[in-house]
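Engineer: Sequence order for the protein chains is Y and Z.
So that you can map any letter, position 202 of the first sequence is 831 in this note's numbering, and since no number is skipped, the others follow by simple counting.
So that you can map any letter, position 117 of the second sequence is 181 in this note's numbering, and since no number is skipped, the others follow by simple counting.
One should not assume that every hint holds.
Stated by the list, open to error - Keeping only pairs whose Cα atoms sit at most 30 angstroms apart, straight-line, the calculated DSS-like set for lysine-lysine is:
(1) Y:K1283 / Y:K1261
(2) Z:K293 / Y:K787
(3) Y:K1080 / Y:K1115
(4) Y:K1080 / Y:K1028
(5) Y:K882 / Y:K1261
(6) Y:K1228 / Y:K995
(7) Y:K787 / Z:K273
(8) Y:K1192 / Y:K1228
(9) Z:K293 / Z:K187
(10) Y:K763 / Z:K273
(11) Y:K763 / Z:K293
(12) Y:K1115 / Y:K1192
Treat the hints as calculated values from the structure; they're not laboratory data.
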Amino acid sequence: MDRPNPNNSDTPVLEISNLNISYAIETGYLDAVRNVSLRIGQGESYGLVGESGSGKTTLARGVVRYLPSNGHIRGGRIVLNGTNLFDLSEAEMRHVWGAKIGMVHQSPSTSVNPAIVVGEQIAEVARMHLGMPKAEAWRKALEMLIQVGMPDPEAVAKRYAHQLSGGMLQRVLIATTLTTNPQLLIMDEPTTDLDVTTEAVILDLIQELMRQYHSAVLYITHNLGVVARICDRVGVMYAGELMEEGPIREVFKQALHPYTLGLLGCVPRIDAGKHEIELHTIPGYIPRLDELPEGCVFAPRCAVAEEKCRRERPPLIEVAPGHLTACWKWADLQRPPSALVSQRQAIPRVVAPDEEAPLLEATDVKKYFRAFGREIPFLSGRRTSVVRAVDDISIGVRKGFTLGIVGESGCGKTTLARCICGLEEPTAGEIRLEGQKLSPMVTKRPRSMLKNLQMVFQNPDASLNPQHTVAGIVGRPLLLLSGVRKGEIVERVIELLRSVHLPESYLNRLPHELSGGEKQRVAIARAFAVDPMLMVCDEPISSLDVSVQASLMNLLVELQRSKGAAYLFISHDLAAVRYISDWIAVVYLGRLWEVGSAKDVFAPPYHPYTEALLSAIPIPDPDVRQERIRLKGSVPSAVNIPTGCRFHTRCPRKIGPICETEEPPWQYSGPNHRIRCHIPLDTLSELQKTVLESSK
Amino acid sequence: MLQYILRRLGFILLTVLLASIIIFAATQLLPGDVAQMILGRWATEEALANLRDELGLNRPIYIQYLDWMRGVISGNWGKSVTTGVWIQPLVMQRLRNSAMLAGLSLVFYVPLGVFLGVIAALKRDQLGDELISAVSMAFVGLPEFVTGLLLIAFFALALDLLPANSSIEPGADFLEALPQLILPAITVSLTSLGYISRMTRSSTIDVLKTDYVRAADLKGLPRAQVLVKHVLRNALLPTVTVVAMGIGWLIGGLIVTESVFGYPGLGRLLVFGIQRHDMPLIQASSMLIVAIYGVSNLLADVLYAVLNPRIRLG
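Could you build all of it, start to finish, from the sequences and the hints given here?
Structural biologist: In structure tokens, the structure reads:
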């Protein structure tokens, strides 16, 4: 992919100087964005990255002057093509919005009005800003839908939001924004809510459109891989300030700020697992805006900070052409100190003898749900249709090992986990733990079994009782399942908190007093309280920031080593699954398509679905050239499952009618790796390339 | 959509059926005896027995129920036992009166309530919002006989603008009755205004916070267009259903207001029947009120479905 040559020396499209944005609270002001300056030229895409609380979204909303009512711009200038936006009245801003600045937001499904057909939501922009009459505006809307590659635009234009998938809605929003060909496009996490395969398709589209429309783009995201793929320059924000800025390659290859280095180190690599490297982590948490440190805002978490950093705030200085950093010690970072990068390690892999029976054995598990059909012929009453969420899956997890399960949302991974835990009663199949058959419902399982099988959920806000203290939450399973005496519980809880790296002082805190990562640590401590043999982790890190994700993954790996628990790790994040798993199973539409050791699954031959998933991972390295394998459309409904190979409707490597009619057989590429596909493995190997073709 | 409506219709029919059983059972349990009511306290045992026989009161209870239901469905609602008037025309005339009052009240309070609710939402937590909330909640809290009497004292007695008594002629049409309808309609409106404005306020605030309204703003559409097209269309959905469900209450439940103004509505007819232990009258008017509640619920469901593409299109 070639990037258009950004031309910074000319007048930039957007120039932000010394922008300060604060939120008014009862006791004064919280300075959410402080002294940020940046410029974006014609045809240039500027990536703004940062974790939650970094102020990136506040900045974006400040640029368009659309802040919440307590948000105030307290200084600075925002100049768009020579016009200072702060000189404009609100009425005048409405002529800038939509016409000169277009904005695409994070969640497509809530950003489209549910009561108006989507075509009209594009056409109204054409009428407003292009002065088109009704019929012409509608034609323009259709034209824009074609621009963004919408299949069947005429029909789609007449649909409502609930009838379209997330990816299609994001196309609609992008089409809306581009209708006026604005000078500046602001994209705030436009792909964060989408599945990885859809994300890849939308990113391709954004890239293509950026080339075509040549507008300036401010691209906001927390995902370093996306920035690497999309942007020409990148700015790294932390706690409301710009830490580093520079051309994309330079920042990714030669970061000169400890925070940037730290972030890059946090992201799991898809070419190394937990046995090879330990993920880098950034200790501590982002400071609260009312407790900002005196010197460098990052100093309290910085591994190389010294006295001066804690005293004096470093200015953002240009250290190489176009490369700026706000660090006193940047010169020392040209050769990154070991404290700032992921450490290679060589931990001997324990290979389980093949003959040993798996700890968990799920055989032919099926879970069908009844759904009340919607498109029902006149008066036929309620005809039920069957959703085959999990349709004949067998998996095994060995003692002390991790089985990762990957697949797009809606593929049945969570349902499978819930069946194993006894939260759903499987329609068919058998689940054995240590050879002992488990009752399908958790309420009928004996306590000793409950003790052996624990679960960590995605959303700790929903899985921790908000009324209970940390001590109560972690102590409860001890009391109920382990028979620990009341007097000893506190001691045990402190021990557990220590093992998840939380201080004793947290004992009496309530969940709302903890950060997202801390809550998940409490949930992990609770799961480990009874020394389970198997822990089912359903997307345990998905809602967290990258640096927090890294520390939680390290924690899980550490606990696995010390306690010998096995994990069933479910995630849509392939890099995370690759890092933490010994074995990986790929699920699509309720069935397994590929099972193997993590290393084998991530190397050819792959199942074409796995190949597409891998090719979609945004890799935080601007030099990586990934094969572009893209899937069309979204996962078919589990009510009408395609015949033959269930993947044939989207398979980019479909070979012919056999795929539509015959269920593909399992093929073995080695003792630990099998693929269910009609294409011979040799052919697959020839066709496919490794994920990181030109990395390193 | 059709299936949805049919399903709702089924539910409502079931509700009405259950209500009919309850009404019938309740009228059986009421203290006092119809025969005694008709013949007076000094009637002989024999006369009472004869009359009971004649009225069919000695038959098994389920036969009486089925018999009654057959009458209800076929439109033969019988005669009032205390006044000897045919019930059906009486009830229908009262229904018409009630509908006139309900209609005028709706015209008064729905637009005003929506308007105030939207203003309150836009001026959220500012003086305008606090004022609207305080005043409208005060009226919700005041019983109708207080607001009604205050209105009478002011508009009828002090200013002599409108009649204090609303006992309209039987068969009067809307225009003839209008002067007498205004005060009771205002009374009803003051009580209901608060619900509508609070409802509209909270749903408007919710919708104003949505991503799609932000997106509409950032398209650069004029504020008025964002409000009418993007906000109200979604925000009024709950209000519309509340209004539609309120119709049942407006027609059958205005007993206090009707009594204060002496207005001959359906509610007052029911009270009249109850005071005199006039079983057929009680049964007929309460069945009608139940049916109207059912219809207004169905109306609410249908409106909700029509306005909400997620239900309309499935």
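Engineer: Confirm or reject each hint.
Structural biologist: Checked hints:
1. For the hint linking Y:K1283 to Y:K1261, the alpha-carbon distance of about 13 angstroms falls within 30 angstroms, and the restraint holds.
2. About 17 angstroms separates the Cα atoms of Z:K293 and Y:K787, which keeps this hinted pair within 30 angstroms; it holds.
3. Taking the CA atoms of Y:K1080 and Y:K1115, the gap is about 18 angstroms. The hint holds against a cut of 30 angstroms.
4. Proximity of Y:K1080 to Y:K1028 is assessed by CA-CA distance (about 15 angstroms); at most 30 angstroms being required, the pair is judged to hold.
5. Between Y:K882 and Y:K1261 the CA atoms are separated by roughly 33 angstroms; this puts the pair beyond 30 angstroms, and the hint is violated.
6. For the proposed pair Y:K1228 and Y:K995, the alpha carbon gap of about 28 angstroms is at most 30 angstroms, so the pair holds.
7. At most 30 angstroms may separate the alpha-carbon atoms for a hinted pair to count; Y:K787 and Z:K273 meet this at roughly 25 angstroms.
8. A threshold of 30 angstroms between alpha carbons decides the hint, and for Y:K1192 with Y:K1228 the separation of about 24 angstroms falls inside it, so the pair holds.
9. Restraint check for Z:K293 and Z:K187: satisfied, since their Cα atoms lie roughly 19 angstroms apart, inside the 30 angstroms limit.
10. Restraint check for Y:K763 and Z:K273: satisfied, since their Cα atoms lie roughly 29 angstroms apart, inside the 30 angstroms limit.
11. For the suggested pair Y:K763 and Z:K293, the alpha carbons sit about 16 angstroms apart, so the restraint of at most 30 angstroms is met.
12. In summary, the hint linking Y:K1115 to Y:K1192 is supported, as the alpha carbons are separated by about 24 angstroms, within the 30 angstroms threshold.
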